[in-house]
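Engineer: Sequence:
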Amino acid sequence: MSTETPTSPIDEACSRTDEVQRELEVASAELGLTHRALDRHLPPTQRTGDVAWAIAQNEVLERKVQQAAEDLSQVCELLEQVRAEVRAD
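Numbers in my numbering are just positions in the sequence shown, counted from 1, shifted up by 391.
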C-alpha cells in the first residue's frame, strides 16, 4: 500500500517549473563565468573573427537564459496563485 499523497497536475507543474527555473539560473551563472573567463584570459589580439563572435554570443545567451529564468519565476507565481485558488474552493 502506497503512503504517497497523489499530486494534482497543478502541483506537478509547480514542482517542475521550480526545478527548471533553478536549472536556468545555474546555466545563466555558468555562462556568465565562462564569458568573464574568456574575456579576462584571452588577449585582445586573439579576440577576433569567430572567437570575438563566440564571446559576444555567450554574453547574449547569458542574458537570454537569465530572462527566461525571470519569466519562469513569474509563471511559478501564477501557478501558486492558481493552486491557492483551487485549494480554497
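No lab work stands behind these hints, which were simulated from the structure alone. Certain hints may be false.
Simulated restraints on C-beta separations [to be verified]:
#	residue 1	residue 2	range
1	Arg454	Ser399	45 to 51 Å
2	Glu410	Ala479	24 to 30 Å
3	Leu452	His432	15 to 21 Å
4	Arg474	Ile446	16 to 22 Å
5	Gln472	Leu429	37 to 43 Å
6	Thr439	Gln465	15 to 21 Å
7	Leu424	Glu461	42 to 48 Å
8	Arg474	His432	42 to 48 Å
9	Ala428	Val473	37 to 43 Å
10	Asp402	Arg438	45 to 51 Å
11	Gln472	Arg427	45 to 51 Å
12	Ala404	Leu433	50 to 56 Å
13	Arg427	Ala459	51 to 57 Å
From the three backbone atoms N, C-alpha and C, an ideal C-beta is built for every residue, glycine too.
Engineer: All hints, please: hold or fail.
Structural biologist: Each hint tested on the structure:
1. Arg454 with Ser399: 45 to 51 Å: Between Arg454 and Ser399, where Cβ atoms are some 35 Å apart, the hint is violated.
2. Glu410 with Ala479: 24 to 30 Å: Once the Cβ atoms are compared, 25 Å apart, the range 24 to 30 Å for Ala479 and Glu410 holds.
3. Leu452 with His432: 15 to 21 Å: holds (19 Å)
4. Arg474 with Ile446: 16 to 22 Å: violated (42 Å)
5. Gln472 with Leu429: 37 to 43 Å: holds (41 Å)
6. Thr439 with Gln465: 15 to 21 Å: For Gln465 against Thr439, whose Cβ atoms are near 39 Å apart, the range 15 to 21 Å is violated.
7. Leu424 with Glu461: 42 to 48 Å: violated (19 Å)
8. Arg474 with His432: 42 to 48 Å: With a Cβ separation near 46 Å, Arg474 and His432 satisfy 42 to 48 Å, so the hint holds.
9. Ala428 with Val473: 37 to 43 Å: holds (41 Å)
10. Asp402 with Arg438: 45 to 51 Å: Once the Cβ atoms are compared, 48 Å apart, the range 45 to 51 Å for Arg438 and Asp402 holds.
11. Gln472 with Arg427: 45 to 51 Å: violated (37 Å)
12. Ala404 with Leu433: 50 to 56 Å: violated (42 Å)
13. Arg427 with Ala459: 51 to 57 Å: violated (20 Å)
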